[in-house]
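Protein chains: 2
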Amino acid sequence: MVESTPLADQDYRAGVIDFLAALAYGEISAFERLAEDARKAPSLADKLALAGMAVAEFSHVNALLARITELGGDPVTALTPFEQAIDDFHAHTAPADWFESLVKAYVGDALAADFFREVAHQLDPETRALIDLCLTDTGHADFVVQRVRDAIEHEPRIAGRLALWGRRLMGEALSQAQRVAAERDSLIAVLTANRESGFDLAELAKLFTRLTERHSVRMRTLGLDP
Amino acid sequence: MVESTPLADQDYRAGVIDFLAALAYGEISAFERLAEDARKAPSLADKLALAGMAVAEFSHVNALLARITELGGDPVTALTPFEQAIDDFHAHTAPADWFESLVKAYVGDALAADFFREVAHQLDPETRALIDLCLTDTGHADFVVQRVRDAIEHEPRIAGRLALWGRRLMGEALSQAQRVAAERDSLIAVLTANRESGFDLAELAKLFTRLTERHSVRMRTLGLDP
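As they're listed, the protein sequences go chains A and B. Here the first sequence is numbered in the numbering used here, starting from 1 and rising by one per residue. Here the second sequence is numbered in the numbering used here, starting from 1 and rising by one per residue.
Just so you know, the hints here were simulated from the structure itself, not pulled from any lab data. Don't take each hint at face value.
For chains that are exact copies, the list does not tell them apart, and a pair is met inside one copy or across any two.
Stated by the list, open to error - DMTMM-like, lysine to aspartate or glutamate: derived pairs with alpha carbons at most 25 Å apart:
| # | residue 1 | residue 2 |
| --- | --- | --- |
| 1 | K47 | D124 |
| 2 | K40 | E172 |
| 3 | K47 | E70 |
| 4 | K206 | D185 |
| 5 | K40 | D74 |
| 6 | K206 | D225 |
| 7 | K40 | D11 |
| 8 | K47 | E118 |
| 9 | K47 | D74 |
| 10 | K40 | E203 |
| 11 | K47 | E203 |
| 12 | K47 | D11 |
| 13 | K206 | D132 |
| 14 | K47 | D185 |
| 15 | K206 | D46 |
| 16 | K47 | D150 |
Use the sequences and the hints to build the structure in full.
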């Protein structure tokens, strides 16, 4: 019953389609990068772990595209505006080696998940449920944490480089997110539309602070200075 | 109850582990190539179809590795002897463009499935059930057939090149299969072990004839001279 929800409003619906499309293209893109990293894995166990992460990223893409269609959008048209920013993010953060791949897989995936989970809280229950489903933890984080910590123990000097790498990932993600937000008013509008939730631009700033804090916690978990 | 089956025999078990390992490495490798091809897809629909095929290839790898362990094998040790031949197959059949990727995805996957299904018929019921599960049709073949037929209709001259490509895929697959068979006596031994089935080397030759015939049927389905 679309009529009884905020989804009846065309502007709101357009904003939701934008979020679902950004998430879908993000997952397609993460799938491709992780599969490429899996190909370069130094061992079979590493390869399987990274391929498993790639497959998990892709597993909800079809559900997202189906929902975009259901809401009256065309998947290809909907995804197109996000290709450039997400492709640029990956082009600017191409891992130089296996450990940069691992840190990116862990930190990048979790950062995107945090962001979309925060966004989902401001949206209607149906959209929130779908986004939450797409962000179900794939249980591969422990593998990455263990591998990176072992590597640092074995060769402490890589910690400095990987810490810088983590900061670069965060910086590039924020820079691309701001670029998308500046181009797509619909994304801000849909977040601030729900007056009951009291979400406004001040809240948005706090959201980014929370994302940064959680990123720092993850960097420390990896044994890296945030 | 391993004791009551041919799996109680150590040589037979070693042969089964070899087949499961070859299948597992083949699927990991197919996953990686299809994911790479998906990255280069000319459209979002193409990308999704190929990524879906990649994910389907990977979906049974963990079950195969778990079974290898259950039979007393070590997955990494078991897969290693097949890496070279399968990697060489892919290195010698790197698609030059999108349509070569599609034909390879369709023809290569089906050829491997035919081979392992034939092999499974000669093996114990448990192994057969696992292999059959791994070969469940992923339903992406129709997409490939339609795309290739459309392309040929639109540009008939590519049919000659793609027909040659199909023959090269088949030739390279046979050549690598023979190389593996020559190095791994266990594979032939396990196939001919079951005297009830009457499978012997003459049967093996017939098996390869059947594989070639089915390959020809698929080439014609694509609109290509076999």
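Outcome of the hint check:
With identical chains, the CA atoms of K47 and D124 are never at most 25 Å apart, being 38 Å at best within one copy and 30 Å at best between copies. Taking the shortest alpha-carbon separations for K40 and E172, both the intra-copy value of 24 Å and the inter-copy value of 24 Å come in at or below 25 Å. In the homo-oligomer, the alpha carbons of K47 and E70 lie at most 25 Å apart only across protomers (21 Å), although the nearest pairing inside one protomer, at 36 Å, exceeds that limit. Taking the shortest alpha-carbon separations for K206 and D185, only the intra-copy value of 19 Å comes in at or below 25 Å, while the best inter-copy value is 66 Å.
For a Cα distance limit of 25 Å, the shortest separation of K40 from D74 across copies, 22 Å, qualifies, whereas the shortest one inside one copy, 35 Å, does not. Proximity of K206 and D225 under a CA criterion of 25 Å is satisfied intra-copy only: 22 Å inside one chain copy versus 64 Å between copies. Neither within a single protomer nor between protomers do K40 and D11 lie at most 25 Å apart by alpha-carbon distance, with minima of 44 Å and 34 Å respectively. Taking the shortest Cα distances, K47 and E118 never come within 25 Å of each other, neither inside one copy (31 Å) nor across copies (29 Å).
In the homo-oligomer, the alpha carbons of K47 and D74 lie at most 25 Å apart only across protomers (16 Å), although the nearest pairing inside one protomer, at 35 Å, exceeds that limit. For a Cα distance limit of 25 Å, the shortest separation of K40 from E203 qualifies neither inside one copy, at 41 Å, nor across copies, at 40 Å. In this homomeric assembly, K47 and E203 never come within 25 Å of each other (Cα to Cα): the closest approach is 40 Å inside a single copy and 37 Å across copies. Taking the closest pair of Cα atoms, K47 and D11 never come within 25 Å of each other, the shortest separation being 43 Å inside a single copy and 29 Å across copies.
For the homomeric pair K206 and D132, the shortest alpha-carbon distance inside one copy (21 Å) is at most 25 Å, but the shortest distance between copies (53 Å) is not. In this assembly of identical chains, K47 and D185 lie within 25 Å of each other by CA distance neither inside one copy nor across copies; the values are 40 Å within and 28 Å between. For the homomeric pair K206 and D46, neither the shortest alpha-carbon distance inside one copy (37 Å) nor that between copies (40 Å) is at most 25 Å. In the homo-oligomer, the alpha carbons of K47 and D150 lie at most 25 Å apart inside one protomer (17 Å), although the nearest pairing across protomers, at 36 Å, exceeds that limit.
The structure is inconsistent with the numbered hints 1, 7, 8, 10, 11, 12, 14 and 15, although it conforms to all the rest.
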